[in-house]
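Can you make the complete structure from the sequences, with help from the hints?
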Amino acid sequence: MSLDPLHREVLVSLPPPRAFRRFVDDVGAWWPLEAFSVFGAGGTVEFVEGRIVETGPSGETAVWGTVTESREPQALAFSWHPGRTDGEASHVRVTFTPTDDPAVTLVALEHGGWEVYPDPRASRESYGSGWVTVLGRLAGGESR
Amino acid sequence: MSNQPVAHAALDALGDPTRRQIVERLRQGPVAVGALADDLPVGRPAVSKHLKVLQGAGLVEHRSVGTRNLYALAPGGLAVVHRWLTEQWDGVLGAFADHAGSAAPSGHPAHVEDGSTS
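Residue numbers (the working numbering), protein chains in the order written: chain A, 834 to 977; chain B, 741 to 858.
It is worth saying that the hints were derived from the structure and are not from the lab.
Since the model is a prediction, treat every value here as computed from it, not as a measurement.
Built from N, CA and C at the ideal position, the CB exists for glycine as well.
Hints are supplied without guarantee of correctness; some may be wrong.
One side of the interface only, derived from the structure: several residues of chain A facing chain B at Cβ under 8 Å [stated by the list, open to error]:
1) LEU844
2) VAL896
3) GLU943
Quick look at which bits of chain B chain A covers, simulated, 3 or more residues with Cβ under 8 Å [to be verified]:
4) 768-778
5) 805-813
As structure tokens, then:
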């Protein structure tokens, strides 16, 4: 029995094109590496030629995933396997939807493919709170 | 202090357990009234009323996304409460400093043992 995809949303105080660019171009600035990464704090993460690559404090690298869809500024999808091989990837899709305030974007994240994890239910639960923290950082709000 | 009336309104709003639950739920992301009511032991009209109070206190904001009506934590809303708490703590520390200053015997600085020989 497969688990439903996980959904998390956040309002970001940027218009959709800028919210999209912030997600991609500034990922190294907003992603909470100290809490969610392969090598811990002190490194960086960036989108490099369609892949999401973390570089650790001593220069070691880890590929977190590969972009599978980039429809700027509406949607971005990528395989997702931090700390695992690309054969063990789940998948993430992020959409950027305008709201009634032109300066605010609803960023919605869907994370599916849980069956690749050894304990799918536990991983889904862990990401359930993890994405809240990560998206809170994207929004740059008080949830940091 | 101009921050105070705003902070008081927010603190008043947070004085209700259901409204605290709503704020805690919104911490996970924006939601519609219906979904919020499903998670809480009160009905939809009550949730709407609580949301109105939280909105009035600057803690919650309303956003339309297509046909969806979402409620979310207002940016900076809880920062007002945080600032108020910090101000009170500054006051406490100030009072403690005053007290410590007046309690210290003048002309007799406290003698501190040098533990290096023992």
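Taking the hints in turn, this is what the structure says about them:
Proximity of LEU844/A to chain B holds as hinted, the smallest CB-CB distance being about 5 Å (cut-off 8 Å). At about 28 Å, the closest approach between the beta carbon of VAL896/A and any beta carbon in chain B exceeds 8 Å, and the interface hint on this residue is violated. Hint status for GLU943/A relative to chain B: violated, with the closest Cβ pair at about 13 Å, above 8 Å. Counting residues of the segment 768-778 of chain B whose beta-carbon sits less than 8 Å from any beta-carbon of chain A gives 3, enough to reach three: the coverage restraint holds.
With 5 residues having a Cβ less than 8 Å from any Cβ of chain A, the segment 805-813 of chain B passes the three-residue criterion, so the hint holds.
The structure shown violates the earlier hints numbered 2 and 3.
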